[in-house]
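Enquirer: Turn these sequences into a full structure, and let the hints guide you.
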Amino acid sequence: MKKSFIYGPIPPEKISNSITHHKHKTNIGAHDIFLGQVREDIIDNVKVVSIDFEAQEELSEKIIHEIREEAFAKFSLTCLHIYHSLQNVTVGELCFYVFTSSPHRDAAFNATKYIVEEFKKRVPIFGKINLSNGSYIWKENTSK
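Residue numbering for the sequence shown follows our numbering, starting at 16 and increasing by one per position.
Because the hints were derived from the structure by calculation, they are not lab data.
Keeping only pairs whose Cα atoms sit at most 20 Å apart, straight-line, the calculated SDA-like set for lysine to any residue is: (1) Lys-17 - Glu-76; (2) Lys-135 - Glu-81; (3) Lys-154 - Gln-71; (4) Lys-62 - Trp-153; (5) Lys-62 - Gly-51; (6) Lys-18 - Glu-81; (7) Lys-18 - Arg-137; (8) Lys-154 - Ile-140; (9) Lys-62 - Ser-147; (10) Lys-77 - Ile-21; (11) Lys-143 - Lys-154; (12) Lys-143 - Glu-155; (13) Lys-135 - Gln-71; (14) Lys-40 - Cys-94; (15) Lys-128 - Leu-50; (16) Lys-135 - Asp-67.
Expert: Structure, rendered in structure tokens:
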């Protein structure tokens, strides 16, 4: 089972390396990428500065694997990568990365949307949202 969690933010180099690695796979005609980034929201007039992501890794990896297998069964995919951060990610940094590849663009587009929505609905990831005044709130993964 492929590991999906990365400790800390997802480095931009991971994305460029993925693209570079796939240039040799000549049966691919399309890639689609979704990048989730920590927003500088304002909660009760206080800015978000970072999120500490936590998950039950074994259970979450199992569910991510199920979503991955479902996507391969539903869409004509050549390749698929899913990564999510654990631990601290500051505002502006990447925390979620989905990369799909297929012979044609519709499969890549549709698979990416499916994966992101199912991930948000089903994978038990929790975020400790750290605020600029030193306080924090907890949030569970949601489909919004």
